[in-house]
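Participant: First to last, the protein sequences are chains A and B.
If you count the first sequence from 1, position 241 lands on 222 in my numbering, and the numbers rise without skipping.
Every number in my numbering is 14 more than the matching position in the second sequence, counting from 1.
Calculated directly from the structure, the hints in this document are not laboratory data.
Watch out, some of these pointers could steer you wrong.
Derived contacts from chain B toward chain A, CB cut-off under 7 Å, selection only [unchecked claim]: (1) Ala100; (2) Thr187; (3) Phe189; (4) Val195; (5) Pro198; (6) Leu200.
Note that beta-carbon positions come from the ideal geometry of N, C-alpha and C, so glycine has one too.
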Amino acid sequence: MVNTLVEPGAVIDGFTIGECVHRGGMAELWSVTWPDSDTPMLMKVPKVSEGEDPAAIVGFEMEQMIMPRLSGPHVPACFGAGDFARQPYVVMEQIPGETLYQRLRELPISYEEARAIVGKIATALADLHTQNVIHHDIKPSSIMFRPSGEAVLIDFGLSHHNQLPDLLQEEFRLPYGTAPYMAPERLLGVRDDPRSDLFSLGVLLYFFTTGVRPFGESETLRGMRRRLWRDPYPPLKLKADYPPWLQEVVLRCLEIEPVWRYPTASQLAFELAHPDQVKLTARSERRDRDPLSTVLRRRFNRELTQPKPKAELAAQLASCPIVAVALDTAEGADELNEALRVTAGRILATLPSARLACLNVLKLSRVSIDKTLDEQGNNKHIDRMVSLRHWASPLKLDDNRLTVHVLEAMDPAAAILEFAAVNHVDHIVIGARRNSLARTLLGSVSAKVATEAACSVTVVRPPRLAAVPELAGTGKGPDKES
Amino acid sequence: MVDAEEIVLLAIFTDIHANRQAFSACLDFARARGAQRMIFLGDYVGYGADPEWTVETVMDLVNDGAVAVRGNHDNAISTPSESMNAEAQAAIEWTRGRLSAAQRRFLSELPMTLQEDDRLYVHSEASSPGRWRYVQSTADAARSIVASDAQITLCGHIHLPSLYSMSAAAKMTSFVPAPGVPVPLLGGRRWLAVLGSVGQPRDRNPAAAFAMLDTETREITYCRVPYDVDAAAQRIRDNGLPLWLADRLMVGR
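Sequences are here, hints too, so could you generate the full structure?
Facilitator: Rendered as structure tokens:
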């Protein structure tokens, strides 16, 4: 098969071929147009002539299946696909600009910029994983950014779709992918764990902040297999000013066992959005690699490197939600806050990988100029954070599952909704106040949150005490003696 | 009737096994989703307690343009030598007495395979349809795929849904489709779709199984349909058939 149909001026299934904009090892990219459409489009055409890499064909087949099934801002829109029966192609939206690969010569970049970039990629990955797809080739040249800022993931030729046949499963004796970025479990043939993408993103974060690839550039299987037992040098060994929170994040992504990494890309994005709340463990202080005894134990204790039984991708993601509980720290809310703690405790007890964000809204006044300090000179913001931690302490959560946030806003409901949207919160738990004068005057915060949130909302009320019947009219009530 | 040129949506049923409740539920489900043509891959009888109604229904549909091939249980009605386990044998003996001469003739005259466009319909697998071999591995699937020139082979027999493909380089893939999720059967490779059973599912999911194939988009959707399992099981007990045949419907094995 040779790509005879694709040439400038030709029309394939209504797409008019423009010029060839890129010739890669696996595929060519042509600019194409569609009648009455201004959207810049690219036609990706696999190279399938004699002697070409069979990965080009299988990779194209995976893209042909996966791309039309993806949607949202974090992937290029797909406009059509053609089969091998005539002319294989996929037509997709052309994302303006360059891939992240162009930044390689500037490495290392600042910690703050790396945090922002990797946070956007983690958000894009979270979206991809919810669409049942594991990318499996996260690296700078697979990542672009829209003018509006969102990361866009491209190249799905090595991807795994949880609800479609995995055409790469028996195709190649060796794991296929980009060696420096490949997760260790991939070397054991595991293709259904979304945390493999988090490892690759950890490699990227390490590389972008240190200028050094954590596992080198070895392309040999022997060289790649070392990462199954040998951990990388902690970034602090390479750069003395490396922030401990960032080392914590990087080394957690690069854990050899997937179960020790972040459970989901959403949770990684959450940590990157709140660096001041990253729970520092021994990881953050490490200045050298694991001792040889540990490395040898990993290497020769096969139990540690056995693939684990698979879990359904959707079920796995659903078991690691970000739960936000909105608390009122005002006087007199004790009963409600206790009820909120019981509800939050039940949710967290069934989901050991869920994390809890405790929110409190510090209401800003519309008229007066707000003072950070109260009458006694205490910092209100810090007081609230102390209260939130105090509320959460009976839950006995591991510190890396708990964060506290004081939001300053005039409209509490809007602040909670915005926090939930920005941080990809999966479930909001909020209390409904009873008989409150404020509620009567201002409307219910919980009602607005429950109505407008994009995620599930649980509205909690304190346990029902003795009923307070409306006695006025009939004069009859359960407690009334007659 | 729909014009042959316009038929794009096929509903494919296999291993109905005289389970009236399951078959009715699947037919309703398929019709509600616009199925234009019914394909039957055999084993209309055996195990279940409603063989007359089941065969009658299939005969009517075939008169209306559906196509049907023969399964090993259908074959055993006229060929008592067919080797089967004791429960299956007991059900066949009972079934034989229930069917009319016309129904028995219909079953015995069904073809072993049928080819339609680039699709092959067969009960067990294509390499040797009369040997009733199960497709349990990619090797079994490969043997069936290379035995015909069809791009898509549809079969049943094992009562466990799966979907195999063979690339141009003869590499195999296997996959268990998620219910209700369309899977594109890419033109660059050849496919063997093994369907789950309508009347006696064995993948620990008691819901009836069948599939729909869109011949235009070339997408296959494996469907699961809940049905009145209690009624089907009660019919088996009421007719004195082996009790295990009723119990296994409850758990889907």
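Participant: Could you run down the list of hints and mark each one as holding or not?
Facilitator: Consistency of the hints with the structure:
1. Ala100: Where the cut-off is 7 Å and the nearest Cβ of chain A is about 36 Å from Ala100/B, the hint is violated.
2. Thr187: With Cβ-Cβ at 5 Å, under 7 Å, it holds.
3. Phe189: 4 Å, holds
4. Val195: Because about 5 Å separates Val195/B from the closest Cβ in chain A, which is inside the 7 Å limit, the hint holds.
5. Pro198: 5 Å, holds
6. Leu200: 5 Å, holds
In summary, the structure is inconsistent with hint 1 from the numbered list given earlier, while agreeing with all the others.
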